[in-house]
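Chain A is fixed; fit chain B onto it per the hints.
For the record, the sequence lines run as chains A and B.
With the numbering used here as the guide, the letters of the first sequence map in order to residues 1 to 251.
With the numbering used here as the guide, the letters of the second sequence map in order to residues 1 to 315.
Everything labelled a hint here was simulated from the structure, so no lab data went into it.
Virtual Cβ for every residue (Gly too), placed ideally from N, Cα, C.
A hint or two may mislead.
Far from chain B, by Cβ distances over 12 Å, these chain A residues were calculated [unchecked claim]:
hint: 1; residue: Leu81
hint: 2; residue: Ala139
hint: 3; residue: Thr224
Across the chosen pairs, the derived CB separations fall in these ranges [unchecked claim]:
hint: 4; chain 1: B; residue 1: Ser170; chain 2: A; residue 2: Ile19; range: 33 to 39 Å
hint: 5; chain 1: A; residue 1: Asp216; chain 2: B; residue 2: Tyr67; range: 48 to 54 Å
hint: 6; chain 1: B; residue 1: Ser170; chain 2: A; residue 2: Ser33; range: 50 to 56 Å
hint: 7; chain 1: A; residue 1: Leu34; chain 2: B; residue 2: Thr123; range: 49 to 55 Å
hint: 8; chain 1: A; residue 1: Val222; chain 2: B; residue 2: Tyr67; range: 44 to 50 Å
hint: 9; chain 1: A; residue 1: Leu121; chain 2: B; residue 2: Thr54; range: 52 to 58 Å
One letter stands for each residue in the lines below.
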Amino acid sequence: MQIFGTLLRRELAAFFLSITGYVIIASVTLLTSLGFVVLIAGLVGSDPTIAPVTEIFYSTFSFWLVVLLVAPVITMRLFALEKSSGTFETLMTTQVGDLQVVAAKFTAAIIFYMVTWLPMLVCLFIVRHFTNQPGALDAGTVGGMYLGIFLTGGLFLSLGCFASAISRSQMAAAMISFVLGVSLFSLGYLARQIPVTAQWQSRVLSYFSLFDQMDDFARGVVDTRTVVFYAGATFFFLFLTLRAVESRRWK
Amino acid sequence: MIEVSNLTKRYAGRTAVSDISFHVARGEIVGLLGPNGAGKSTTMRILSSYLPATSGTVRVAGFDVFYDSVEVRRRIGFMPENNPLYPEMRVREYLKYRARLKGLGWRRSRERVDTVMEQCGLTDVGRRIIGQLSKGYRQRVGLADALVHEPELIILDEPTIGLDPNQIRSVRQLIKSLAGKHTVLISTHILPEAEMMCSRMVIMFDGKILAADTPENLQKLMQGSSQIVAEIDAPPDDLRAAWAKMPGVEQFDVSAGADNFQRCALTPRDGHDLRLAIFVLARERGWTLRELTRRRHSLEDIYVQVTKPNDEDEN
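Chain A extracted, bound-state conformation (with noise of 0.2 Å):
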């Protein structure tokens, strides 16, 4: 436990202490506050709406921009800066487990991803105080997006944590991730455009339907059968990293 608390507090120095880590806090603010002004242009003008403004917010574009940009940067210095930089090796021949470096790596990069969101809190708040509506700032809804936040960020993290493990490069590793993240991105486009229908393969297609559970996140909704999905497929990536860390031994 103490080594992982050790691993964990340089990891989080690393983002905090080095001006990367300020540079994407202030892009994704860029971002997310471009998508609230294109919301609000939108919303101004038009008939009123029953749906909450995170809801609407989630769909604009900046939304999924971040997260399939941002996921990648944060997560390609991981292993691959360590590898070509020789780290790796003084890291590893402590009495380090491969699972304790994982592990730390991941919560840190998913603990700075948060970070990155809370700029966006002050938006709702902006809704808030010139609409007088206090239903803008809802906590079921704001929680259930920031636990939409929380679940595809640690997929989308743990996909570039991989990419990071299996490459000496950070740029391959970002491109690596940014290709899977896409991937994943262009499956839940898929599930939206084919109809459910009882077939097993449509079943399985609506499970990567991203946009639908977020749209449940946004609204509030927690679906125990998205939480599974997200959980165990950002395991199933951090046992796939866990097992190229490793496969320096077997190779």
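Chain B alone, transformed into the frame defined by chain A:
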């Protein structure tokens, strides 16, 4: 402390280390010597259980590096080639982090960090950022890291590479001071360095061990073929005739030196000391003798001899 038996490591299509065996006793400082690409780093990586061996067994402090990897890693301090560090961290912060990572408690890690910083002369730069330090200081940070948890075995891959002579001297002194308390394995391709620091040397070339012995014994091995150099003011032909007649001369070479002197290089037969005979000869003939030296083969020569084929294509 280290027992390597029949160790082989193959990378895809290339054998880096082939069937080597050696052992290192507790408290020894052993140098792993060889040109670049001889398999030193690979051997060290296997010893520190970073890479698995293709075949053969390696035991460190009685633990197998593959099956008891954690136990082995607990007992070693490893400084890899090029001494990788986190450039964005501060010296003290880095050492503290490493100490904690190696399982030292909060207070103990603080004590140990203070001790190794003192030992490695880092006390003044504790708050500096590693990336802005000179190479010599960075090297010392790497050393301090290897020492911080008081490991039984310290493995240093090229600890003095890229340092200036003063820095090399201080790093050498530091390593020497570890003898007895710790077992140290260092790799280097600079021979005088190994000669100075190590109680035993293992010379590697092309993945194999060519020689393993104390520096003195390695020198003795070569002593039979020492050379005697004499500078004499005499006609070259007379000299040649004299050397040909002299008993105990295996080979000779006469070449013109500065101001009329002839420079003669003589190889004695089985360890004969020719110096007296040369002096007597010069006195009898009335020749002026201005230099008479016996050149011992240094380890440099052994090294060059055993590692020769690689000289041209490296660096």
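Here's how the hints hold up against the structure:
{"no.": "1", "hint": "Leu81", "result": "violated, 10 Å"}
{"no.": "2", "hint": "Ala139", "result": "holds, 38 Å"}
{"no.": "3", "hint": "Thr224", "result": "holds, 38 Å"}
{"no.": "4", "hint": "B:Ser170 x A:Ile19: 33 to 39 Å", "result": "holds, 35 Å"}
{"no.": "5", "hint": "A:Asp216 x B:Tyr67: 48 to 54 Å", "result": "holds, 49 Å"}
{"no.": "6", "hint": "B:Ser170 x A:Ser33: 50 to 56 Å", "result": "holds, 55 Å"}
{"no.": "7", "hint": "A:Leu34 x B:Thr123: 49 to 55 Å", "result": "holds, 51 Å"}
{"no.": "8", "hint": "A:Val222 x B:Tyr67: 44 to 50 Å", "result": "holds, 46 Å"}
{"no.": "9", "hint": "A:Leu121 x B:Thr54: 52 to 58 Å", "result": "holds, 56 Å"}
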